[in-house]
Amino acid sequence: MRNRFFLWILFLSGAVLFVFTLIAAYREIAPEWKRYQAQYKEQIIKLAKDDATKKKAKELVPAVQQIYLGTLNRIDRCMSCHMGVENPMMANAKLPLKQHSGDYLKNHPPDKFGCTVCHYGQGRATNKKEAHAATRDTHWDFPTIPLKYIQSSCTQCHDYEMLSAKGYDNIAKGAKLFMEKGCRGCHKLNGIGGALGKKLDVVGSQPIAYFPMRFVEGDRNTYNWHKQHFTDPRALVPESEMKINVKPEETDLLATYVLSLRAGEMPKDYRRIKGTQTVEKPDEGEALYRMFCIACHTTGKDSYFDEIFNRTIPAIMKPAFLKTADEKYIKKVVEDGRAGTQMTSWKATAGGLTGVEINNLIAYITKDRPSAKPERFDFAGFKTDLKRGEELYNIRCALCHGKKGQGGEGFLGLNLRNPVVQGADPEFLAITVRDGRSETSMPPFGKKGVGFTDRDIADVVSYVKTMSKKK
Amino acid sequence: MSNETHEKTGMSRRDFLGLASLGAAVISSLTVLAGTFRMFKANVRYEESTKFKIGKAEEFPAGTVKKLDDKGVFILSKDDGIYAISAICTHLGCIVNQVDWGFQCPCHGSRYNEHGKVIGGPAPRSLEWLEISEAVDGSLEVDTAKSVPVGTKLKLYA
Amino acid sequence: MNELKQSGIDVFKHNIKSLLGSFAGSFLRSGKPTSDKSRAAAMFNNFFLHVQGVKTHINTLRPTYTLGLGLISFFLLIITVISGVLLMVYYSPSIEHGYTSVKDINYVVFAGKLIRNVHKWAGEGMIIFVLLHMARVFYTSSYKQGREFNWVVGIVLLILTFGINLSGYMLPWDQLSYWALVIVANIIQSPKEITDSLGITKFFDVGVFSKELFLGGLTAGKESLTRVYLLHIMLLPIFLFIFLGVHFWRIRKDGGLTKPDVFEPKPIDAGLAALPEKRGGIFPTNKTYGLMELAHGRTPVVDRDVENTVLSWPNLLIAEAALFVLCLAGVIAYSFFIDAPLKELANPMIPENPAKAPWYFLGLQELLSYSAFMGGVGLPGLALLGLALIPYLDKEPYHVGIWFSNKQGKRIALESLVVSTIVIIGLLAFVINFGWFRNWWPNVPQMLITLINPGNIWVGFMIVWSLYVIKRTGSTRMGAIALFTMFLISFLIYTYVGTELRGPNWDFFWSKSQWPIH
Amino acid sequence: MKVKIFVLSIILLISQQTGNAFGAEAKKNDPGKKVYEERCQICHGAKGDGKGLVGVMKRSEKTGRMINVEARDFTLAVFRFRSTSTGCLPVNEDFISLINKGIPRSFMPSHKDQLSMEEKKALAEYIKTFSTRWKEEEPCKSIPVKKPRWVGSRSSVEKGKKIYKEMKCWECHGDDGKGKGPKSDTIKDDWGKPIVPFDFTTGATKMGDAPENVYTAYTTGLDGTGMPSYEDSLKEDERWHLVSYTLKLMGKVK
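Chains as they are written, first to last, in numbering that gives the first Met the number 0: chain V, 0 to 470; chain Y, 0 to 157; chain Z, 0 to 517; chain F, 0 to 253.
Read the hints as simulated data drawn from the structure, not as lab findings.
No incorrect hints appear here.
Think about it this way: if two alpha-carbon atoms lie no more than 20 Å apart in a straight line, the pair counts; the simulated PhoX-like pairs of lysine-lysine are:
1) V:K33 with Y:K40
2) F:K179 with F:K160
3) V:K165 with V:K175
4) F:K46 with F:K134
5) V:K322 with V:K366
6) V:K97 with V:K127
7) F:K111 with V:K402
8) V:K105 with Y:K50
9) F:K57 with V:K317
10) V:K346 with V:K327
11) V:K55 with Y:K52
12) V:K330 with V:K317
13) F:K111 with V:K403
14) V:K180 with F:K61
15) Y:K154 with V:K55
16) F:K57 with V:K300
17) V:K45 with V:K97
18) V:K446 with F:K50
19) V:K53 with V:K97
20) V:K111 with Y:K70
21) V:K402 with F:K100
22) F:K50 with V:K447
23) Z:K342 with V:K128
24) V:K57 with Y:K145
25) Y:K55 with V:K111
26) V:K446 with F:K46
27) Y:K65 with Y:K52
28) F:K179 with V:K246
29) Y:K145 with V:K53
30) Y:K52 with V:K105
31) F:K46 with V:K447
32) Y:K52 with V:K111
33) Y:K52 with Y:K152
34) Y:K152 with V:K55
35) V:K127 with Z:K342
All values reported here derive from a predicted model rather than from experimental measurement.
Assemble the whole structure, with the sequences as input and the hints as a guide.
What follows is the structure, given as structure tokens:
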């Protein structure tokens with residue numbers, strides 16, 4: 000009995016092994032792409048007009064079709080299924096055998112460019128699921144790119160002018176939007192821009208895991224993420240501070256643009272760049288304002304409390320502000336930023352703006368400066384009483400600026416603890432307290448408003464100037 | 000040997016089960032082995048394709064001789080057509096040079112005439128003529144993996 | 000002359016006819032195994048077969064005794080080695096091409112995906128079967144009566160099995176590999192926790208030193224892959240095969256597999272070729288171990304074969320062949336349906352969340368989340384030491400070769416199973432719900448956590464409980480059963496928790512479907 | 000009455016122009032008035048009409064929508080955050096709890112620690128002087144709130160969702176609770192200002208975001224705004240179900 004038991008095991012497992020080896024071998028010799036190649040052969044034979052073509056088609060042997068691109072460090076096997084991509088006879092065929100649309104392949108022969116350099120997808124894969132890599136279980140970071148974003152691939156070799164001239168202007172439009180919507184107020188590109196957001200230099204070639212995909216609708220890939228993120232940043236990243244002000248149709252353009260920001264450069268003999276390709280900063284004040292400031296300060300005419308930043312964003316182009324604030328003060332704010340708030344430092348070593356550009360920018364901001372000077376305030380003439388100042392502050396100012404002068408966090412007033420306010424000329428602060436900022440929520444505290452005497456004001460200002468030392 | 004032991008041992012009875020299981024084991028192991036050997040044959044090559052484009056026909060007016068160093072091919076154009084001769088010496092695979100009277104191999108002194116026919120040295124065969132054809136986009140294509148009979152030229156209509 | 004010539008040709012013809020047979024005979028050295036003598040000779044004359052005895056005890060051939068676990072482990076090793084050699088044909092160990100070469104093995108190599116799966120699953124199967132084999136050896140008291148050293152060799156083999164599996168895990172250079180490598184490097188670095196607490200790091204930083212030795216640098220990169228590859232295909236396999244040789248040789252020298260002192264063949268054993276029969280005589284047993292019983296015919300004294308053994312050829316060989324084909328078929332069938340994972344290309348900037356070691360180390364990773372040193376070095380070291388010491392601390396010479404020794408053993412095993420399950424799950428539930436020292440007193444010194452953490456408490460409990468069992472039953476064997484059972488159960492539970500119930504940020508989740516998707 | 004208020008406001012105006020910031024020299028020794036002048040007047044105005052010096056405050060929501068926040072006008076004596084039935088005046092406790100908590104998201108700060116209990120009570124009394132309604136009507140009784148245990152349970156959320164649909168909450172607050180229902184652009188409050196329906200997904204209601212507060216809002220309604228009282232149209236349990244669903248929209252229960 001015992002030996003028979005072992006013999007039965009031997010027999011049965013031998014049979015199982017044999018069967019599975021055969022099935023596995025069949026799976027190896029009859030892959031998905033062979034089916035398409037057989038269809039291709041059949042269709043070519045049917046469509047052939049002359050005998051030579053027919054003969055050639057009959058000689059077709061199924062094999063993995065691959066394009067080896069040494070300099071691009073790619074291997075593309077897409078044509079194992081997409082057999083007819085270069086064949087005009089297949090113009091009316093169905094996918095995957097259909098000929099490539101348009102005449103792109105004339106100047107971009109597949110044997111030099113391959114497929115994935117424009118279309119993405121996994122070139123090495125030999126089955127549809129993994130080659131197109133649409134689902135996350137394929138673990139490929141760059142699924143085939145939807146055609147509406149395909150222009151992001153063109154900029155690897157071409158400049159915007161050439162593309163726009165040929166009618167492919169999504170990318171240039173996207174770049175323009177990027178320039179004008181103030182994206183660089185928070186995001187650095189080529190080293191220039193604010194520090195609030197992430198650097199965008201290679202955002203187009205970041206792997207999927209770089210992006211929080213949790214709330215993305217539809218396929219969880221980079222393309223959908225960008226599109227939906229431009230539609231509503233907080234729907235994807237609840238804690239995001241990103242401010243976005245674009246029309247729905249503009250999201251695709253912006254997505255195309257950011258997807259074109261890729262790591263690595265094409266080899267020299269592929270590149271055809273003559274004109275501009277990157278968004279370089281213009282140096283007129285208005286353009287600079289649009290590129291760096293507009294996302295937060297909008298028109299600059301309104302001060303408003305922003306729920307995203309959780310603080311009030313001042314109206315920097317309002318005459319009431321410009322009347323009291325001199326150029327030196329504004330320059331200091333622009334160059335050093337306001338520590339403790341979202342306002343970035345813009346000097347060359349931080350935000351990356353040159354002195355000339357900052358001057359141009361300030362010239363633009365201050366263009367509506369009224370000619371009338373504010374009435375002077377003789378701050379030095381008062382012997383100030385800090386204790387009284389504190390009492391006054393706690394009752395009248397703390398309502399909006401907070402007890403510690405911190406501002407933000409639900410308080411309507413600005414942060415008074417930051418170095419810019421602390422380092423400002425006390426006379427400037429006193430005038431601000433006295434006259435308020437008309438059309439904003441800062442009321443005049445002088446005699447015509449709340450009823451502070453000049454002495455009250457001097458006391459409060461001197462107290463405010465000591466606030467950074469308070470914990 | 001003796002019959003006694005034959006009766007006594009299970010294996011020597013060669014019952015059906017023993018044979019069948021031994022057969023199953025051997026056959027299935029052989030199948031696995033066969034698949035294993037097949038695995039060594041690569042399905043793809045990690046090198047440039049043997050088929051490559053050399054440009055439009057206009058770039059090769061009659062009388063042109065062009066050596067493509069990286070591919071090891073001579074492209075020659077005559078009045079009656081264009082043809083490609085392999086630059087790989089048939090002796091041990093060196094690259095031949097073009098000289099007045101044809102081709103000369105620098106390694107072991109094989110000599111070929113202008114049609115690639117071997118005329119001296121250790122080379123066993125003449126240089127191969129390679130298939131040259133017109134691709135869909137109108138440019139010429141050479142395939143180093145496909146040889147054609149000596150004298151096959153592609154007629155140009157231009 | 001003519002006649003001679005004629006006969007010479009005939010001889011030659013005859014030689015050609017019998018070529019196959021005579022080659023087989025020369026191969027086996029003693030001709031076709033048709034008699035007991037030649038069968039015996041076939042075994043002891045063969046380079047590969049003579050590591051096994053000429054005769055095999057019937058108990059050894061009983062599937063219910065050995066369950067074939069040791070052999071399965073060995074056959075899985077053979078399968079792994081062969082498939083590994085095949086993979087080496089296409090794999091290239093560099094961070095530039097490693098990942099793409101694995102992709103190409105999946106996509107364009109003939110049966111490449113299957114072979115990679117086979118390699119992976121056979122390798123990981125080894126871990127399971129080596130552990131099961133160890134459990135079998137333990138529960139049948141097979142570490143006794145001269146087999147003490149072989150038990151220790153077995154533990155070395157267990158460590159090597161873990162090591163080879165782990166190093167192989169790193170080679171595809173995908174996200175799983177990279178972050179497992181990072182984790183392992185940090186486990187290796189974990190003695191720093193102790194040296195830091197003692198304040199001697201600045202004199203001799205043993206943690207960072209060994210980490211650098213392993214990675215070839217301070218971070219995982221090009222050099223690390225080369226080193227891991229070397230470990231995987233050269234160093235560890237060499238040691239594995241050396242120790243395996245010793246292991247097999249010692250089985251033979253230590254008298255084959257264990258068997259009960261009192262053994263009676265059952266009717267079911269009747270199917271064995273040449274079952275020894277008792278045909279009367281004066282003495283009840285025959286203890287001649289000379290060459291005599293190999294001689295043709297009956298033994299002159301009692302007319303009986305050596306006690307309860309049968310010839311290895313063919314009995315043992317059939318069993319082995321059956322087991323081998325069973326292993327191969329099992330592995331291939333499993334590999335046919337389940338693919339070895341391959342994630343995105345390694346990216347040092349984007350950690351996997353959770354960054355998990357391979358499953359067989361997730362039990363350790365759970366302990367690691369309490370204290371890196373204790374979980375990574377201290378407790379595993381202690382556990383292995385404890386396992387190695389078992390045969391030297393439990394020397395009771397009875398009940399060898401019987402599962403669980405006796406009724407009491409079964410009861411103790413069951414009792415330990417229940418107790419350890421309750422205690423571990425209790426500890427886990429406590430930690431998951433209430434945290435540990437650091438959550439209560441953020442400034443608690445690391446040394447205190449290293450010394451007192453749930454892992455240590457569990458190990459302490461194991462020791463105390465085993466001592467209690469020894470005291471209660473008066474038998475060291477019972478204590479050993481309790482200890483080993485608890486070790487197995489904790490390995491099982493901790494591995495399960497680490498694999499299935501721990502999600503991003505090492506938080507607790509009831510199932511993977513509750514993980515926040517990233 | 001009217002004459003009295005007129006005289007009072009004249010006095011106030013004068014005192015404002017001549018007195019100093021402390022208001023310590025206020026004519027009447029009314030602590031409520033003193034506190035009001037010091038802390039409230041800057042937004043709510045000397046006459047309690049909500050036209051203080053600070054004026055309209057602009058607030059940009061997370062969705063990018065700009066809303067205007069205006070100080071409450073006390074002269075109509077219509078209050079949103081009460082514990083009494085709709086149409087009723089609030090009780091003193093309502094004033095005090097509001098002074099204590101402030102109103103999140105509309106810059107009304109908490110005065111819990113700044114004022115003593117007497118001052119708070121006096122302040123409430125002082126605010127009552129801005130409208131004649133306080134003389135003519137009596138405040139109703141507070142509606143008791145007792146939270147059932149099942150609030151926030153899954154079945155309760157489901158029932159609440161149904162009620163949300165049936166009671167047409169979505170017309171203003173939107174199907175997804177983001178305040179973008181079909182009617183949301185057109186509605187106006189009693190003072191003629193456009194109303195911004197609440198976006199539940201932001202999670203912080205002005206009344207406080209405990210389930211009890213939400214329940215009170217549904218029971219009493221927010222007088223003066225388009226938010227009606229459901230005290231009569233829904234049973235108590237149904238209102239609690241609605242609270243459950245609201246908690247879900249706020250992301251406080253799963």
